[in-house]
Structure formats: C-alpha cells, structure tokens
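**Q** Next come the chains, spelled out residue by residue.
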Amino acid sequence: MSFPSTHLSLVRRVRSGDAETRARAQDALAAVYWAPIYAHVRLSHHQEPADAEDLTQGFFVDALRRDLFARYDPGRARFRTFVRRCVDSYVANALQAEQRLKRGGGAAFVPIDVADVETRLTGEVEATDPDALFHREWVRSVLVSAIAKLHERYEASGRAVHLALFESYDMVASNDERPTYAELASRHDIPTTQVTNWLAATRRDFRAIVLETLRDLSGSEEEFRDEARALLGTTT
Amino acid sequence: MTARLSDAAIAHLRELVTTPARGTEPRYEITAHIGEGGMGTVYLARDRELDRDVALKVLRDPVPDDDDRARILREARILASLEHPGIVPVHDVGTLPDGRLFYVMKHVRGERFDEFARAERSRAELLRAFLQVCDAVAFAHAAGVIHRDLKPQNVMLGAFGEVLVLDWGVAKASGASLADQDESSRNAEAAGTPGYMAPEQLQGVADERADVYGLGGVLFFLLTQQHPATASATGDPWADNLVPGPLRAICDRARASDPSARYPSVGALAGDVASYLDALPVAAYREGLVERIRRVVVRHQTAILLVLAYLVVRVALLIFARP
Chain A
-14 MSFPSTHLSL VRRVRSGDAE TRARAQDALA AVYWAPIYAH VRLSHHQEPA
36 DAEDLTQGFF VDALRRDLFA RYDPGRARFR TFVRRCVDSY VANALQAEQR
86 LKRGGGAAFV PIDVADVETR LTGEVEATDP DALFHREWVR SVLVSAIAKL
136 HERYEASGRA VHLALFESYD MVASNDERPT YAELASRHDI PTTQVTNWLA
186 ATRRDFRAIV LETLRDLSGS EEEFRDEARA LLGTTT
Chain B
254 MTARLSDAAI AHLRELVTTP ARGTEPRYEI TAHIGEGGMG TVYLARDREL
304 DRDVALKVLR DPVPDDDDRA RILREARILA SLEHPGIVPV HDVGTLPDGR
354 LFYVMKHVRG ERFDEFARAE RSRAELLRAF LQVCDAVAFA HAAGVIHRDL
404 KPQNVMLGAF GEVLVLDWGV AKASGASLAD QDESSRNAEA AGTPGYMAPE
454 QLQGVADERA DVYGLGGVLF FLLTQQHPAT ASATGDPWAD NLVPGPLRAI
504 CDRARASDPS ARYPSVGALA GDVASYLDAL PVAAYREGLV ERIRRVVVRH
554 QTAILLVLAY LVVRVALLIF ARP
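Which chain is which? The protein sequence lines are A and B, in order. Sequential numbering of the first sequence, starting at -14, is according to my numbering. Sequential numbering of the second sequence, starting at 254, is according to my numbering.
Please keep in mind that the hints were generated in silico from the structure rather than gathered at the bench. The structure presented is a predicted model; accordingly, all values stated were derived computationally and were not measured. Think of the CB as a built atom: it goes at the ideal place given N, C-alpha and C, for glycine as much as any other residue. Incorrect hints may appear among the rest.
[As the list claims (entries may be wrong)] Simulated coverage check for chain B against chain A, where a stretch passes if three residues somewhere in it have a Cβ under 8 Å from a Cβ of chain A: (1) 264 to 272; (2) 314 to 323.
[To be verified] Pairwise CB distance ranges (calculated): (3) H136/A to A261/B: 53 to 63 Å; (4) R539/B to H120/A: 51 to 61 Å; (5) T107/A to P279/B: 43 to 53 Å; (6) Q479/B to A16/A: 46 to 56 Å; (7) A395/B to E152/A: 27 to 37 Å; (8) A261/B to N182/A: 24 to 34 Å; (9) A412/B to R70/A: 49 to 59 Å; (10) E152/A to H286/B: 20 to 30 Å; (11) P338/B to H120/A: 36 to 46 Å.
Using the sequences provided together with the hints, build the complete structure.
**A** The structure is reproduced here in structure tokens:
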C-alpha cells in the first residue's frame, strides 16, 4: 500500500493555492485535532475546561488567520508533532498577553464536544506525559473519524445491517455487553455465517478507511508508515 | 456523526485493525495473541484442515513494503531449511486478506527459558538445557545460518523436555542455497538485543562467534538470574554470587569483546560446559591443585566412597574380629 502520487493528503492540501481547497482541508484537520489539542491544553497547560475550550478555538482561528498549517515542512517533523508545538507556542503567547478572549473571542470555529473529552480526563489532574496524552487523544480522533467515514459510505450504499452489526459487536462500551454472533443473527434475522462474513467485510473496510485517514493526515509516505505503526502497531 | 466511544471500545477497535480478523483466512482461525517477535506478532491459531493448534506469525508492520515481505519470507525459508528437533518447524506461508504475509509454525507449549530458569532449578538441569540450545545453534551454523539474536526469551522449553530456539527474524544465511536471501538480512546486521548482541554486530559484522557471544549471555543469565547488560553496568558482574570459577571462565570467554578471544565455535563452548558437568577439566579455566583434587574427588566420588567403605570395613574387622 504505497503513498499514491496522485492523492494529495489533507496536510498537503492545507498548502494549496486554492483558498477553498485550503479551507476544506483546514476544517477536516481541525475535526481530527481538536480533541487532542483540547486535552493537551487542559492537562499540560493546566487550564480549566472553559479556558481550554477557548484556547483551542483561539488556536484554530489563529491558525486559519496565519495559514499556520501551510507552513508545515514534512522533512522536519511529523505533522502532529508540528501541531503540538504550534499549540504550545500559541498557548504560551496567549496566556502571557492575556488575550485569549480577544483571540478566541468566543468564535466557534470547530464544533467541540467538551463534555465527551472531560469524561475521559476525569481524575487526571495533569498530563504526566504530554506526548502520551496527545497520542491517546489523537488515536481516538482518527478512529472516530474513520467510523464517521464508514457510516457515510455504508449508508450511501445501503449496507445498514452491516453497520448495525459492526456497532453492536465492535463498538460496545464494555466487553461484557458484546452479543454473540448467534444473538446478532437472531436480532437481524440472518444466518450466523452471514454475521461472520459481513462483520469480516466491514472490519476489512474499516481497517482500509483507518489507513486512508492516516494517509490523509500525513505529509509523506514515511510519515504515513510511521503513523500506521504508531496506531496499528502492537497494542498489547 | 459524533461517536462517543469508551476506552474499552477504542482498545477493541485498535485490536481489530491490528489483529487478523477471525474468519478472514480460510484455513487458519486466529484464537489468541501469543507474543511479539523481532518483526512480527505471533498468534495462536487453529488449523481447520488438520484440526490442530499452530503458531501464526504475522508481519507487524501494518503497511508492509517489499523489503518487509522479503524479510518475513526469508525468515520462513531459513527456518524451513533447518530441520532439527531444536528448531521450530515451519508448516506453511500465506497472505492475509489485508495483504500482510504470515507463516505458520509448530505451536510450542511450554515455558520461555528465562521463566524456566527463574523457577527453582538445579544448575545441572539448566546447563543440560543450555547444551540442547547449543546443539540447535551449532546445527544452524553447519547449515550456514547465524541466529544473531540469541537470548533466554528466544528459547522455549516444551513440556516433554524439548528445547526450541525461536525467532530467527534477524538470522543471517550465508549458505549457497540461501545466498539469494541474504540481501535483506544486511539491513538487519545491527539488529539484536543489548547485553546479548556481540559488539561487532554494531559494526555490521556477524559470524558464528556472534552467536557464541549471545550464548555466553544466555549462560550468564542462567547462572546469575541477571540480565548481562545490567550486571556489567554495575561493575563486577560476578560480584555477590556463588558461581564456580570454571563456569565463570566459560562465560567470560564466550562473552569476550574481541571475537578472536572467544570460543571459535558453539561446539567448543558446549564442549567446555559438558566437561564441567562431567567434572572434567575446562579449557577456559586454569585450576589450582585444591580445585583439581576436589574435581577428581567429585568425578570419582562413587569409586572413592566404595574404596573408603571397603577400608572402613577392613579396619572394623581388624579391630572387632581380633581373637
């Protein structure tokens, strides 16, 4: 699976000369990156939820105004490392100047679901390892983004039962809630073998979409492979 | 769509995209994760056709390139070329539906050598198992294959006393029949594990003596229960333990920094260990008179005890049977 020369990743598209392409790429990047950035600002920069949300929005507004993502040089660092450094720099400046209200100014550039992130941060007073925290939230964002794409494609192609099986089996909140294939077969009135086959097919597509999302978020083939190893490498 | 996912769901989804999915490979069904090798993940799988458990090694890299594919295929071919009871046999190779290569090998039930050694074992038992490891490695050397990553974690002891050397992922094949496979091994020249990897491997050089060094590290671990790198870093690696002089000397010679100061072959190393077990002189060790006497006594203790018993009886007869 090589990096297609004809495909321009989001990271490359944010440097496009076309303003509309650039804006769409920035929106897409923001959708993946807001949660890791919010969590990073909350714990690594010790900000209260409201301030962290404001700083996160402020960062994206600032990045848009200054075309920050377009300055990314794939030869120097991973894109997500670049983003985190930019966030650190932005937050330090904003706090120093105490201008975050003015900069963020309540502008809702990204739809942020603070409550969702906050549930995960409960009990974590500060980020003992900012890299690990950022990576954890980034992994989650990539998977959530891939699920959204899977939904979009399967709904468009009328594969609602495939999706329902995937959600019921692979997206349950805890392993105890996972139904058996036989229960799923009975629930959807299909043979158990069909549950096996459809789940396998959906998982294959999900995996392909995850890789596609990673490719979109990478500036080079090397970065894509590194990110794939980081996300899909050993999980145990 | 905004998906709110629990940590358990995220962990499951990550596992899903990493682990070969159940039911996607027609012959082998993955049932559990066994462990991590040099470049691949090993799973327990069920061979549906032969109805038996096997170990299935899948390339870990989620987006393998041609070099990665060549490397795992090379490992499988090297293993397949080594038919020895101490080397895990390969049954099959194949490609998963997601494009990743895998190979299938015997599922070894048992304990890793480091776990085995941590249980209460006699030194002789550990040394006998070590000699079996040496046998397997010497066989590989005779076939022109250097393992290059020998350590206790890469040796498995089966339930019936069998000893198997695993993880040939960074092995180097220099035999004529494997010459075409040697290209990709050059990239892995410096691969190995600190403490067990011979110093010259860092310079991209490795012959049989690199494995002698690795085996020296394994022997050190068996004798001291310590990782060789950690022990060396703290000064005298032999401080605070009761390892006999000959075994220390064997270990030190096997682990000499200069390859020319090591045993020239695994056979020579194994010979010295066997000599120690048989209470014979050890080539790597110059013993003193007292040690020599002690060794001779140990070696001939049965005969000496019989002679002593005979003498005691004769003396007793002389004393008590006097008219």
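**Q** All hints, please: hold or fail.
**A** The hints, checked one at a time:
1. 264 to 272: That given contact holds, which follows from 8 residues of the region 264 to 272 of chain B lying within Cβ reach (below 8 Å) of chain A.
2. 314 to 323: With 4 residues in contact (Cβ-Cβ under 8 Å with chain A), the coverage given for the region 314 to 323 of chain B holds.
3. H136/A to A261/B: 53 to 63 Å: Once the Cβ atoms are compared, 20 Å apart, the range 53 to 63 Å for A261/B and H136/A is violated.
4. R539/B to H120/A: 51 to 61 Å: holds, 56 Å
5. T107/A to P279/B: 43 to 53 Å: Given range 43 to 53 Å: holds, Cβ gap about 45 Å.
6. Q479/B to A16/A: 46 to 56 Å: Holds - the Cβ-Cβ distance for Q479/B and A16/A, about 51 Å, lies within 46 to 56 Å.
7. A395/B to E152/A: 27 to 37 Å: violated, 57 Å
8. A261/B to N182/A: 24 to 34 Å: holds, 25 Å
9. A412/B to R70/A: 49 to 59 Å: Hint holds: Cβ distance 54 Å, inside 49 to 59 Å.
10. E152/A to H286/B: 20 to 30 Å: holds, 24 Å
11. P338/B to H120/A: 36 to 46 Å: holds, 44 Å
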